[in-house]
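**Student:** If you want the building blocks of each chain, they are given just below.
2 protein chains.
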Amino acid sequence: MADGLTAAVLAVGSELLTPHKTDTNSLYVTKVLNDLGIAVAFKAIVGDDRAELTSHVVHALARHRVLILTGGLGPTDDDLTREVVAAHLGLPLDEDPAIIEAMERRFAARGWKMPAVNRRQAMVPRGATVLPNPHGTAPGLWIEHPPSHEATGGKRYIALLPGPPREMMPMMDGDVRRRLEKITGSVRLHRRLVRVAGKGESMVEEIVQPIYSQWLNQSPPIVTTILAGLGQVELHLVMQSGDQAKASQTLDAAVSDLATALGPDLVSTDGSVLEAVVGDLLRARGWWVAFAESCTGGLATSRMTDVPGSSEYVERSIVAYSNRAKIELLDVPEALIAEHGAVSEPVAAAMAAGIRKRTGVNVGVAITGIAGPGGGSEQKPVGTVCIAVDGGETRVRTFRFPGGREMVKAMSANWAIDLLRRYLIR
Amino acid sequence: MADGLTAAVLAVGSELLTPHKTDTNSLYVTKVLNDLGIAVAFKAIVGDDRAELTSHVVHALARHRVLILTGGLGPTDDDLTREVVAAHLGLPLDEDPAIIEAMERRFAARGWKMPAVNRRQAMVPRGATVLPNPHGTAPGLWIEHPPSHEATGGKRYIALLPGPPREMMPMMDGDVRRRLEKITGSVRLHRRLVRVAGKGESMVEEIVQPIYSQWLNQSPPIVTTILAGLGQVELHLVMQSGDQAKASQTLDAAVSDLATALGPDLVSTDGSVLEAVVGDLLRARGWWVAFAESCTGGLATSRMTDVPGSSEYVERSIVAYSNRAKIELLDVPEALIAEHGAVSEPVAAAMAAGIRKRTGVNVGVAITGIAGPGGGSEQKPVGTVCIAVDGGETRVRTFRFPGGREMVKAMSANWAIDLLRRYLIR
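From first to last, the protein sequence lines stand for chains E and W. Counting in the working numbering, the first sequence runs from 1374 upward without gaps. Counting in the working numbering, the second sequence runs from 1374 upward without gaps.
None of these hints come from the bench; they were simulated from the model. There may be inaccurate statements among the hints.
Copies of one chain are not kept apart here, so a pair can be met inside one copy or by any two copies together.
[Said to hold, decoys possible] Taking lysine-lysine and the DSSO-like style, the derived pairs with C-alpha atoms no more than 27 Å apart in a straight line are: (1) K1394 to K1404; (2) K1528 to K1555; (3) K1555 to K1619; (4) K1394 to K1572.
The shape of chain E in the complex, shown without the other chains:
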């Protein structure tokens, strides 16, 4: 990252130290800082405790020139961020009449009178800039310390932001970003997100490592991060540069190299999720799809319909949980189930053919499997799942997924949608 300008991020609030909740604001804060080429050296989460918070502010500012604090700007006694930062920097707090007025207007608009306790939110460390908060009562604060223009070398840049994400985010991406941009100059982070399906993290790593390791030697380098989810792998490409056009060109070429190496496992190069990519493929052909789901219980169709406009290609689905439902609704021959078992390739194929014929859609997708924890056998252990796609031609595959019930459901739904994608791009 740029120029050795490093940042610390502090999240303030005792509720963030419980077993149920943690800070997530710092992810958004980190993204904005990284965009500007500022690396985050550490993040800390501190309760509403004056001594502890003071100690962390001191520790952060001793080591890093940018400090972003979120939370602790509320009107009550345990909201200490403002006081602690001001005290550490030796800045007196002055009441700002403009903030009082804005808060009074905000309360009046709802027909309420401003509670006296809110006056606390109008206290501003001397010399700080007030960052307006259109989404709440607590304004943000921006402090450059020391304030004199000569002392740029070791100057500290401190932002105090409200805790609620919908108040924090626009402030971080607006006022704070603009102020930091002036300090960091024109260098920016440029990104690409490539999605891959059908291969595990280590298999993708094996394919792409020889490619991305080359990128580290070029100037400026592209840094690649691999993240794995359930049946999906993401490649994040990040490059720091002051030349927007050149960065775009370099990243386009890099993504194109990945696409060649990954072949049909490549889902998208623009960040589009699998279900949206499949939706676009269906729409391009003017095709309708219907799912026949057993062990996934509707999850595959639910994912397909997470995409706005999916009613243009998802017509209906059947969740055939019982054998009777498979026979009645999907015309699976009873003898086929008796012979091969409900979790078998012939039954999956019959389910896909059944929903396609019954419904008159162009392509049917069927999923039948054992999600567990019960129902497994030696021959067909928990995690055994058969998936069929029938669009005239039939394709069937059997999987053995690891993990518990929810993981088997999620992996099955993902593979069903991905097998449909592979059918459509063949």
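Fit chain W to the supplied structure of chain E, relying on the hints for placement.
**Tutor:** Leaving out everything else, chain W in the frame of chain E:
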């Protein structure tokens, strides 16, 4: 919490400082610490950087007597936790032949030879206790500092745990918990989790605040935390006590007071999730259910089937996304759709009746709505959803959910399952 014994939790790893990923290990660590009456004073997330990590270890141990570190115990050069802690405490690192042997066995079992780089994981700070890791190569470490028995007053307790959750969790809940128990004595945290549906966070707060505020004055007090999710509210009751039987009795009485105040909005007092509670109600009656879903696209059925054994009461479901599917599969009269629109109480009722009659199940649940972002009108804006339950008697309700497509889907599925629950307990 007990005796002023406070803890710091450090998560180590540069990937935890990206915009995509953050530490979640500390939630589990916090739960175990809180169980033992040890409060977490702060959490920090630090990259694989020797100077930064050292500074945080120094800062933590200067202020707190318990320090739990996760991550940075791997075999590569950027795994620094072991070295940094040992260096700060002035402890030399000795190679432990037993660890080498265990790792060699682990590799041999897969037919591999142990890479030389793994020797690093066998280095033990002198005087530390090795915590075995049955799920990976990196053993954990437990350090009491200074080691002499006299210095109990200011003694520090430090655990170094591997980063992968499936390796960290059993170690934290096993070896580390047992060692901390010896220090904290018999005082424990006792908990209850009460789930509520059908009311927002502030409405629940209004009902229960007069009750739980009383609990703060009793000795020992019960501390209540309210957490809100999509259409669901959780009340966490926590009480610290050395008397297990008395704590149980006190919490039972407290939960019973909440149950009386909340009436039918109370889902469970033992932490059971909504879909499991509904499953138990169906099973107790010997009833079968089928869903007819439109805007939720299968999500309600998928949630119902997240529960093991749900095939005992979920028979099938229809995702009738198009009007044609509603007419063909659910016998909704075409004229009814023409007159009232697909998103209307009469159509919802007809869908529920249709699936119930077609399928022969005891109760049918139907959901039809506008998930958005398109499809809304002035009279029926995005978020308008009609839900019907038909178990002989028919109940229908119309909702206006806020938020985007995924939130409308999630709220609709939750309410559909909750209306079924209310039908079953009436």
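**Student:** If a hint holds in the structure, say so; if it does not, say that too.
**Tutor:** For each hint, the structure was consulted:
In this assembly of identical chains, K1394 and K1404 lie within 27 Å of each other by CA distance both inside one copy and across copies; the values are 21 Å within and 11 Å between. For the homomeric pair K1528 and K1555, the shortest alpha-carbon distance inside one copy (14 Å) is at most 27 Å, but the shortest distance between copies (48 Å) is not. With identical chains, the CA atoms of K1555 and K1619 are at most 27 Å apart within one copy only, with a shortest distance of 22 Å there and 62 Å across copies. Proximity of K1394 and K1572 under a CA criterion of 27 Å is satisfied inter-copy only: 21 Å between copies versus 32 Å inside one chain copy.
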